[in-house]
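I would like the entire structure built from these sequences, with the hints used as guidance.
As you go down the protein sequences, you meet chains A and L in turn.
Heads up: the first sequence begins at 1 in this note's numbering, then just goes up one per residue.
Heads up: the second sequence begins at 1 in this note's numbering, then just goes up one per residue.
Don't read these hints as lab results, they were simulated from the structure.
Everything numeric in this text was worked out from a predicted model, so none of it was measured.
Treat the hints with care, since some could be wrong.
Computed list of chain A residues with no C-beta within reach of chain L, every gap over 12 Å [what the hints assert, rightly or not]: (1) A25; (2) K104; (3) I178; (4) G312.
Chain A stretches covered by chain L per the calculated footprint, using a threshold of three residues with CB under 8 Å from any CB of chain L [stated by the list, open to error]: (5) 65–79; (6) 121–128.
Listed next, the in silico DSBU-like pairs over lysine-lysine satisfying Cα-Cα at most 35 Å (straight line) [claimed, not checked]: (7) A:K185 <-> A:K154; (8) A:K316 <-> A:K168; (9) A:K62 <-> A:K154; (10) A:K168 <-> A:K283; (11) A:K119 <-> A:K185; (12) L:K85 <-> A:K233; (13) A:K168 <-> L:K85; (14) L:K85 <-> A:K119; (15) A:K154 <-> A:K233.
Quick reminder that beta carbons are idealized off the backbone N, C-alpha and C, glycines included.
Now for the letters of each chain:
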Amino acid sequence: MTATALAPPPRVGRLVDQFELGLDAPICLTWELTYACNLACLHCLSSSGRRDPDELDTEDAKALIREFERMQIFYVNIGGGEPTVRPDFWELLDYAVEHHVGVKFSTNGFRITKERAEKLAATDYIDVQISLDGATAEVNDAVRGQGTYDAAMKALANLQAAGMTDFKISVVCTRHNIDQLDEFKAIADSYGAQLRLTRLRPSGRGADVWDELHPLPHQQRQLYDWLVLNGEKVLTGDSFFHLAAYGDPLPGLNLCGAGRVVCLVDPVGDVYACPFAIHDRFKAGNIRDLGFDHVWKHAPLFEELRSPQTGGACAKCSAYDSCRGGCMAAKFFTGLPLDGPDPECVKGNAEEALASLDRGQLPGSSQDHSHTGTVRNAPVGLTLGATRTRPTSACDESPVAGMV
Amino acid sequence: MLAGDDWRLSPSVSLRPEPFGALVYDFSTRRLSFLKTLRLLDVVRRLDGATEVEAAMRAAGVDDVEWQGYLSALDELAATGVLCKEAS
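Structure, rendered in structure tokens:
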């Protein structure tokens, strides 16, 4: 998130310590509008593809927006799935703005036409984030699907032409794009956009490709050095706090905000501790039962997350104060204990535990909305890992994929 | 240093009180920041475009030891556009 702390007047504790105890409402709320998606990205953290028949309808969604307004949640991050495939997407966007809830939405860009871009540019309340996981079509399309690089570039050009400023290009850092960080920055600069880098998580289908895609140890160092050098000019959604153990903290809050300052509302109204933790273990409740405000304030899971953490095996590590043990979701989905080191611990403290894991015992997903048939814009780098969405024959790949 | 009686919260800014102070969100810049104490929140709320900065700080109970720290914080709020001058 974009956040700055003001010069501290005397007698103030660290904000991080305050945040770990939780807030009256989340600072950063992600709302996934639908599990439906026109793509089938290999690393989709919500295993999206097909719409769930139980998704919130337009009236449910509007009631939730009004609740956000009452709770003074200033803005929400809308995602999916691909949120723009919902027929009422633009209606909900207008409704949120009318109710003083700003929206930043993530999209693959396929539906960001010239006309839409002009409407988006006309209000301060809306921000757009285009997903791009390679600075070249070759690297991007291997993960996100054939034609997705071109679609993203077209959306960026439309936004720029419409006069939109400071929209985001959102990159999930992988083994194959760490060498492209300068190129991503150049792309962002050329469109007047802001670059946002986030961490690959072993969540959803990300678990299937984690071993092939997560950055290697020397690449983590490369990423850290790049972030230190480029500092405030690049957004990170606070996702690399596990790298703070290299030395200096990175810009941002450097804490796991799950259930404390962050949460996720999924398409059927289930509330999870964070966007990377869509699993029954991290489900706090459903907005249809008690309302979002009640779930946020009183869910036993959230109360547990807001209670003082011991740090477990990490507490004796000299870097614990910097990295706080890393990402809860990354640990969980790789089968590691939650009070131990992150699978990508830069001190190498997770290596032994990872080596002795029984891979058959990984928690897996508790929901899966992946496409079961073929997808027009399927990932093209089939050597990257098995995908449930690969075309069964060459003929299943549309010859016009990416042309529209 | 911030002074005068015409400072107020910018129209595009909202405050959300929290146990530690407040969240500050500027809808025009989409920038989030924090007021790190309840007293700073109190000062900011007293700046209504008609109250002297010094009077607002005194009324909120800012003491001499904390005075400069609070003035710096208010300066930063003005520099980032959270506070603006009335009718300017």
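The hints, checked one at a time:
Interface exclusion of A25 (chain A) from chain L breaks down, the closest Cβ pair being 7 Å apart, not more than 12 Å. With a least CB separation of 8 Å from chain L, K104 (chain A) falls inside the 12 Å interface cut-off, contrary to its annotation. The non-interface label for I178 (chain A) is consistent with chain L: the shortest C-beta to C-beta separation is roughly 28 Å, beyond 12 Å. Separation of G312 (chain A) from chain L is adequate, the least Cβ-Cβ distance of about 27 Å exceeding the 12 Å criterion.
For the stretch 65–79 of chain A, the stated coverage by chain L holds: 3 residues have a C-beta nearer than 8 Å to a C-beta of that chain, and at least 3 were required. Judged by the Cβ-Cβ criterion of 8 Å, the stretch 121–128 of chain A is covered by chain L as claimed, because 3 of its residues qualify and three suffice. Under the criterion of a C-alpha separation no larger than 35 Å, the hint pairing K185 (chain A) with K154 (chain A) is consistent with the structure, at around 17 Å. At most 35 Å may separate the alpha-carbon atoms for a hinted pair to count; K316 (chain A) and K168 (chain A) exceed this at roughly 39 Å.
Taking the CA atoms of K62 (chain A) and K154 (chain A), the gap is near 31 Å; set against the 35 Å cutoff, the hint holds. Simply put, K168 (chain A) and K283 (chain A) have alpha-carbon atoms about 29 Å apart, close enough for the 35 Å limit, and the pair holds. Between K119 (chain A) and K185 (chain A), the direct Cα distance comes to roughly 26 Å. Compliance with the 35 Å bound is thereby established for this hinted pair. This hinted pair checks out: K85 (chain L) and K233 (chain A) have alpha carbons roughly 29 Å apart, not beyond 35 Å.
Pair hint K168 (chain A) plus K85 (chain L) holds up; C-alpha atoms about 31 Å apart against a cutoff of 35 Å. Restraint check for K85 (chain L) and K119 (chain A): the C-alpha separation of about 31 Å stays at or below 35 Å, so the hint holds. Among the hinted pairs, K154 (chain A) with K233 (chain A) is consistent with the structure: their alpha-carbon atoms are about 24 Å apart, no more than 35 Å.
Going down the numbered hints, you'll see the structure goes against 1, 2 and 8, while the others check out.
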